[in-house]
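There are 2 protein chains.
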Amino acid sequence: MSDGPVSDDKPPKKERMRFVSAEQVAQLAGVSRSAVSRTFTPGASVAPATREKVLRAAQELGYQVNDLARGVLANQSRLVGIVATKPEVGFRAHLASALAKFLIQRGSIPILINTGQTEEELLAAQKMLIGHRAEAIIILSGSPPASFFELAQRNGQPLIVIGRSEPDADHVRAGNSEASRKAATVLFESGRRRLAVAGSNSGTPSIIERESAFLTTAEALGAEVSIGRGADSDYESGITAGRVLFSKQVHPDAVFCANDQIAFGLMDYVRQEVKLRIPQDVAIIGFDDVPEASWLSYQLTSFRQDPLVMAMRAVELMERRLENPDLPRAYERVIPELVIRQSFRP
Amino acid sequence: MSDGPVSDDKPPKKERMRFVSAEQVAQLAGVSRSAVSRTFTPGASVAPATREKVLRAAQELGYQVNDLARGVLANQSRLVGIVATKPEVGFRAHLASALAKFLIQRGSIPILINTGQTEEELLAAQKMLIGHRAEAIIILSGSPPASFFELAQRNGQPLIVIGRSEPDADHVRAGNSEASRKAATVLFESGRRRLAVAGSNSGTPSIIERESAFLTTAEALGAEVSIGRGADSDYESGITAGRVLFSKQVHPDAVFCANDQIAFGLMDYVRQEVKLRIPQDVAIIGFDDVPEASWLSYQLTSFRQDPLVMAMRAVELMERRLENPDLPRAYERVIPELVIRQSFRP
DNA sequence: CGTGATGTCGCACAGCCGTGCAATTATTCG
DNA sequence: CGAATAATTGCACGGCTGTGCGACATCACG
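In the order they appear, the protein sequences are chains A and B.
Residues 383 to 728 (our numbering) make up the first sequence, in order.
Residues 383 to 728 (our numbering) make up the second sequence, in order.
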């Protein structure tokens, strides 16, 4: 076992292709590295001539300041994590996109962590983000355990939660209860008495809030209420809910869907399988008002949540927290507005 | 800690909340910083007892290795840029999500750059990514100028383009021409003679390819072909295309849509405004096969592009290029498969 | 021409980390 | 028990950058 070429095996040193460094620019420009650094630091003192030489050399070489090293020094990475499950679907997709846009606008770098909902995955994502010294984490979904908040706290990493009330972190969310109460009220006032809500078993906090606020309000008004749930708050879930709600002899005459995706599934099921007309036989109200809600096939009356507004608020909360980490917890609540379309008119 | 001078005038230093550093862990564990470093470096030589002490201290403080600094040292940031316009919409959303997932799986950090299509915005995005020493850039949309490729090249930053044939970069794309030819052929063979294609003026390369391949094939077969275009390859665009195509006395009896979003708009317009039946009066074929294509309202026959497959191929190309930067340009072509649903059956 | 007052520049250090190297232990073995 | 071997550890350096500080050049002005 003690043999083999004693000659050095150093070639596999895996010498990564190097980026252009400030040193190289300095050399080409015939100045010190400090001059290069100062040229790219606003407010630093550099002679115009030197500055010119440096810029020319930088242009020549395609130099760009190494923000990583700059970050190590200044202790700020400009990275911000966006944590979401299924960031390609529905409202979350719009939210994630808007967040990315705003973060870029303010000079931050959005990292998209596409993760599952399990605690282990969330914790792994957090480790990654702490490892890369992300300045803040914005969470769109999933229910982090207590250790998550503790670790973020200890590393001075602001945590912003969107769409869920979270006592241990700044959060921005929609007025789910208000909207759901309003949904029950307007449906009741329009004369419907056999109300229903279509939700899911996914355990998403906002979905749960909407379900329960609608249920209690409808019952308080004296309406009959039934509930249908699918597995995952998506289109399929809407179909499943429809199957549950419309399997009995007596059909609901109005369904409040916990989000638009569910509403689309339910509408399709109701029209195509149960052969009912919307809104004559069944009125439908959705939640989120994603662009698809205005498609001709759906014309869905829905509570508008503006992803731009929510993303903006989240970024504001983040900036506030970065500015002063010791402020008390804050949260923003955005009240959804009911957008009236064909699927239900009060 | 014993601090004598209470008269410190250092407050305005804007002292960022610090992450836990290896030094602190070393101090708490009563070892040198090297020991901490070695504990977190696989294969390094550390005594089990020391290792234990370090791990305990790290746990206690919530320490996580600073990947930024590690990256500065090793010259690899693990960051990968995903550049896309409107990453919340349609196929691109699925692609971006799948990319993020695969990149995370291989230990990379996906940065989502949500940018416009203008050259300036693209170049700004590239500067950001070079500044942060991203290891690679994956481009989902937009048409970068030549300087873009040159700069990436000079900084040794692999560039992967998805959805467009790009001679200056590795790319993965769908077999747009093959699929579009097949669309024309199957429609013709089913007896339709008044063919049409719904596209857009957005200038997206894949859309253009699909339009033109369909046009030439249909003409070659001896069919009548008309073309309708909207502004932006989205749902609205489909409605606009429908208005154009169905404004004359003689209607097309089959429409090939350059993507599913356009198809949805066109189908809605055709059914609700022109009062035609699909597929009896008009057959429709889409492209992408996004989940909405299987919704009951649409049942759209479409060419399936699997975002998981395309994302996987892109990541493979990236890895290949990182492994060996000097390889010749490579590209992957994924041939879309026609998924038959109600909107057209051969 | 002398002299402050500027304005620039380079040096050296700080801020993280991994790692080669030599010094210090611990362990083995005759 | 002593020597030889192995394992571990700390030091110092390297890889990037920003910046305080002293050294130098420039300049206005008396």
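Quick caveat, the hints were computed from the structure, so don't treat them as lab data.
There could be a bad hint or two in this list.
Same chains, same label: a pair holds when it works inside one copy or across any pair of copies.
Said to hold, decoys possible - The calculated lysine-lysine pairs, modelled on DSBU-like cross-linking and capped at a C-alpha distance of 35 Å, are: (1) Lys657 - Lys509; (2) Lys509 - Lys564; (3) Lys564 - Lys468; (4) Lys509 - Lys435; (5) Lys435 - Lys630; (6) Lys657 - Lys435; (7) Lys564 - Lys630; (8) Lys468 - Lys509; (9) Lys468 - Lys435; (10) Lys657 - Lys630; (11) Lys630 - Lys468; (12) Lys435 - Lys564; (13) Lys630 - Lys509.
Is it within, between, both, or neither for Lys509 and Lys564, if the alpha carbons may be no more than 35 Å apart?
neither (41 Å within a copy, 48 Å between copies)
Using 35 Å as the alpha carbon limit, work out where Lys564 and Lys468 are close: within a copy, between copies, both or neither.
both (29 Å within a copy, 33 Å between copies)
With identical chains treated as interchangeable, where does the CA-CA distance between Lys657 and Lys509 reach 35 Å or less: within a copy, between copies, both, or neither?
For Lys657 and Lys509, neither the intra-copy (51 Å) nor the inter-copy (56 Å) Cα distance is at most 35 Å.
For Lys468 and Lys435, with the copy left unspecified, which applies at a CA distance of at most 35 Å: within, between, both, or neither?
neither (49 Å within a copy, 39 Å between copies)
What label fits Lys564 with Lys630 when the C-alpha limit is 35 Å: within, between, both, or neither?
Result: close within a single copy only, 27 Å intra versus 46 Å inter.
Are the CA atoms of Lys509 and Lys435 at most 35 Å apart within a copy, between copies, both, or neither?
Close across copies (20 Å), not inside one copy (43 Å); limit 35 Å.
If the cut is 35 Å between Cα atoms, do Lys435 and Lys564 qualify within a copy, between copies, both or neither?
neither (66 Å within a copy, 58 Å between copies)
Are the CA atoms of Lys630 and Lys468 at most 35 Å apart within a copy, between copies, both, or neither?
The answer is within: 34 Å in one copy meets 35 Å, while 43 Å across copies does not.
Have a look at Lys435 and Lys630 and pick one of within, between, both or neither, based on CA distance no larger than 35 Å.
Classified as neither: same-chain Cα gap 81 Å, cross-chain 65 Å, threshold 35 Å.
First find the shortest C-alpha distance between Lys657 and Lys630 inside one copy, then the shortest across copies, and answer within, between, both or neither for a cut-off of 35 Å.
both (14 Å within a copy, 33 Å between copies)
At 35 Å max between alpha carbons, let me know whether Lys630 reaches Lys509 within a copy, between copies, both or neither.
neither (50 Å within a copy, 61 Å between copies)
Copy assignment of Lys468 with Lys509, given that the CA separation must stay at most 35 Å
both (20 Å within a copy, 29 Å between copies)
The structure is inconsistent with the numbered hints 1, 2, 5, 6, 9, 12 and 13, although it conforms to all the rest.
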